[in-house]
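Peer 1: Spelled out, the chains give:
Protein chains: 2
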Amino acid sequence: MTQIVPVILCGGSGTRLWPRSYASKPKPFLPLLGEQTIFEATLARCAPFEAPVIVTGGAHLTHVEAQLGGGAASILVEPMARNTAAAVALAALRLPEDAVMLVCPSDHHIGDPAALAKAARTAAVFASEGWLVSFGIEATAPETGYGYLKRGEALGEAGFRTLQFVEKPDAERARAFLADGGYAWNGGIFAFRVATFLRELEAHCPGVFGPVRDAVAGGRRDGARFHPDAEAFCKAESISVDCAVMERTAHAAMVPVSMSWSDIGSWESLHAVRDKDALGNSVRGSAELVDCRNVLVESDGPRVSVIGLEGVVVVVDGDEVLVTTMAGAQKVGKLDGAANQ
Amino acid sequence: MTQIVPVILCGGSGTRLWPRSYASKPKPFLPLLGEQTIFEATLARCAPFEAPVIVTGGAHLTHVEAQLGGGAASILVEPMARNTAAAVALAALRLPEDAVMLVCPSDHHIGDPAALAKAARTAAVFASEGWLVSFGIEATAPETGYGYLKRGEALGEAGFRTLQFVEKPDAERARAFLADGGYAWNGGIFAFRVATFLRELEAHCPGVFGPVRDAVAGGRRDGARFHPDAEAFCKAESISVDCAVMERTAHAAMVPVSMSWSDIGSWESLHAVRDKDALGNSVRGSAELVDCRNVLVESDGPRVSVIGLEGVVVVVDGDEVLVTTMAGAQKVGKLDGAANQ
Numbered sequence: 009m010t011q012i013v014p015v016i017l018c019g020g021s022g023t024r025l026w027p028r029s030y031a032s033k034p035k036p037f038l039p040l041l042g043e044q045t046i047f048e049a050t051l052a053r054c055a056p057f058e059a060p061v062i063v064t065g066g067a068h069l070t071h072v073e074a075q076l077g078g079g080a081a082s083i084l085v086e087p088m089a090r091n092t093a094a095a096v097a098l099a100a101l102r103l104p105e106d107a108v109m110l111v112c113p114s115d116h117h118i119g120d121p122a123a124l125a126k127a128a129r130t131a132a133v134f135a136s137e138g139w140l141v142s143f144g145i146e147a148t149a150p151e152t153g154y155g156y157l158k159r160g161e162a163l164g165e166a167g168f169r170t171l172q173f174v175e176k177p178d179a180e181r182a183r184a185f186l187a188d189g190g191y192a193w194n195g196g197i198f199a200f201r202v203a204t205f206l207r208e209l210e211a212h213c214p215g216v217f218g219p220v221r222d223a224v225a226g227g228r229r230d231g232a233r234f235h236p237d238a239e240a241f242c243k244a245e246s247i248s249v250d251c252a253v254m255e256r257t258a259h260a261a262m263v264p265v266s267m268s269w270s271d272i273g274s275w276e277s278l279h280a281v282r283d284k285d286a287l288g289n290s291v292r293g294s295a296e297l298v299d300c301r302n303v304l305v306e307s308d309g310p311r312v313s314v315i316g317l318e319g320v321v322v323v324v325d326g327d328e329v330l331v332t333t334m335a336g337a338q339k340v341g342k343l344d345g346a347a348n349q
Numbered sequence: 009m010t011q012i013v014p015v016i017l018c019g020g021s022g023t024r025l026w027p028r029s030y031a032s033k034p035k036p037f038l039p040l041l042g043e044q045t046i047f048e049a050t051l052a053r054c055a056p057f058e059a060p061v062i063v064t065g066g067a068h069l070t071h072v073e074a075q076l077g078g079g080a081a082s083i084l085v086e087p088m089a090r091n092t093a094a095a096v097a098l099a100a101l102r103l104p105e106d107a108v109m110l111v112c113p114s115d116h117h118i119g120d121p122a123a124l125a126k127a128a129r130t131a132a133v134f135a136s137e138g139w140l141v142s143f144g145i146e147a148t149a150p151e152t153g154y155g156y157l158k159r160g161e162a163l164g165e166a167g168f169r170t171l172q173f174v175e176k177p178d179a180e181r182a183r184a185f186l187a188d189g190g191y192a193w194n195g196g197i198f199a200f201r202v203a204t205f206l207r208e209l210e211a212h213c214p215g216v217f218g219p220v221r222d223a224v225a226g227g228r229r230d231g232a233r234f235h236p237d238a239e240a241f242c243k244a245e246s247i248s249v250d251c252a253v254m255e256r257t258a259h260a261a262m263v264p265v266s267m268s269w270s271d272i273g274s275w276e277s278l279h280a281v282r283d284k285d286a287l288g289n290s291v292r293g294s295a296e297l298v299d300c301r302n303v304l305v306e307s308d309g310p311r312v313s314v315i316g317l318e319g320v321v322v323v324v325d326g327d328e329v330l331v332t333t334m335a336g337a338q339k340v341g342k343l344d345g346a347a348n349q
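Those sequence lines, one after another, are chains B and R. Numbers 9 to 349, taken from this note's numbering, label the letters of the first sequence in order. Numbers 9 to 349, taken from this note's numbering, label the letters of the second sequence in order.
Bound conformation, chain B alone (with noise of 0.2 Å):
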């Protein structure tokens, strides 16, 4: 049977959940959604797996290791940050040829992880028999944060090929997707076997290929961290792997699966898949709410009152306050405070 690998993507950081989660305090490591980390959770819904791969940068080392209390798992990191092809060719110029990888990001929320599991042993079949496989996240609402992917002909009864990739589009066009039927989300979760995505990799985006070739070459180990050469590594096109391969290639499959997913890429979707009261609410920390609806209170001390407000998020964080309309969120990120963290 064939070896599943998770590589977990630990880049980024995101200010979209500011000021609850920056640079130096990143989302994947707040337990943003139950008890677990998000990253915790990410781990967990790998287990049925290898011991995975985990890609993340010097700034995140101490979270990543905390969260992994002891368990299994590889770690290689990144000089600095080069975007995700250099991030999953790194990961794959550390495994065995046969192998599939299983690209995961790692601050995404999933609902049904056995949903994912068993998509992910469809897609590790096509990913065999030399297809480079996308997730194609059933599409429940007009989105338009996220990434599209178009199917194309059927390959057998459980995948597809991929007609296109499509960037976010803008509302009209998510509306035309959702009610086409034929549109799934782009979460960014991919199959690979090694031997296939180096070998694509090579044949279309020698930019990254190259140099993450000789940052493993020159890297050193130390434990279960694998450093690569930083000098060879910066030298890798910054791009991602949709740009770099998954539009290129000749190969490109999709696997539907209906999972409960969210990227988490607001306050409004962290929302959406909160849990909440019968008006809507969903609270933590110290509050009260009179006459509210759809309202989102994160307090990490201060008791949060709020009066006759709807679809609003409140969120306390040490010295920071932040209150905005659901629609609102989506600027979180601009926002002087957020800039500046």
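There could be a bad hint or two in this list.
For chains that are exact copies, the list does not tell them apart, and a pair is met inside one copy or across any two.
What the hints assert, rightly or not - Cross-link-like lysine to aspartate or glutamate pairs, in silico, DMTMM-like; alpha carbons within 25 Å at most: (1) K339 <-> E151; (2) K342 <-> D299; (3) K342 <-> E296; (4) K176 <-> D299; (5) K342 <-> D308; (6) K33 <-> D327; (7) K342 <-> D285.
Simulated from the structure, these hints should not be mistaken for lab results. Bear in mind that the values here come from a model prediction, so they are computed numbers and not experimental data.
Please arrange chain R on chain B, whose structure you already have, making use of the hints.
Peer 2: Same frame as chain B, but now just chain R:
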């Protein structure tokens, strides 16, 4: 010329501006508008008259004396709160019979102090002639939070008989009052000749007059402070000046005045009298507002970031954060937080 002695009532412990103001941090002693506290502003607009008499409780004494800053004043220390009739009676019994008391709450805002001073001189003339004078504040909105005075026959050019005292009306009646034009707000500001007030109080409300007379007779002086006898004072009926005297006397008059008055009875009314930017936003403390209109932010430390809201109040004070619509601000006093402080 008639002696006009301001009698400033510093009682109460409102929670309507919670969490900024509550029992041990009362509204009059906070700089809610401009640099001065509300009490300091009250003192300043009484400066054209005699040295004031301050009627206050032991709990507020420290604030009163600190903010008097050595200015001449006599301080009457109520052993316990017994509403405004007893407070005014206390002052009356310590003043010369022919002085005119200008009774002023200490927690209101008056945008045009010169208009108050002018109306006070007019009111003092009526008071000297034996009238019990209310200040009839020009109604500029259909307020349901204020009592109203119904104008009766003219008394010369500058005053009227008061035909009726109207309790806080519902919205429909408030609109009718405004349309009618014959109604003014009752701001709890009065001018009384001492002898007249005491005669009418004794006649219409002996349950206040007798105990307060005894309390003053048995009281003791301590520098600028006078302490009425507690045992006697506590027997005084707890009733407002309006109910005890104004609604019962045959000599109620009113002097109209337009002076940008507000009782600052809620965050909404504080916002109404605050300086605002072109979008109607008013900020105190560190804040960043994006796509906001008519937002009031007040923070004693943390930075407050607000996105996309209209007509909302955000107050950060120590371990309390309040977020409310302007309309919801009426319910602030009923919050658990406000009720327990």
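Peer 1: Determine for every hint whether it applies to the structure shown.
Peer 2: Hint-by-hint comparison with the structure:
1. K339 <-> E151: within (16 Å within a copy, 37 Å between copies)
2. K342 <-> D299: between (30 Å within a copy, 13 Å between copies)
3. K342 <-> E296: Between copies, since 11 Å is at most 25 Å while 29 Å is not.
4. K176 <-> D299: between (36 Å within a copy, 24 Å between copies)
5. K342 <-> D308: Classified as both: same-chain Cα gap 22 Å, cross-chain 24 Å, threshold 25 Å.
6. K33 <-> D327: both (14 Å within a copy, 23 Å between copies)
7. K342 <-> D285: The answer is between: 22 Å across copies meets 25 Å, while 30 Å in one copy does not.
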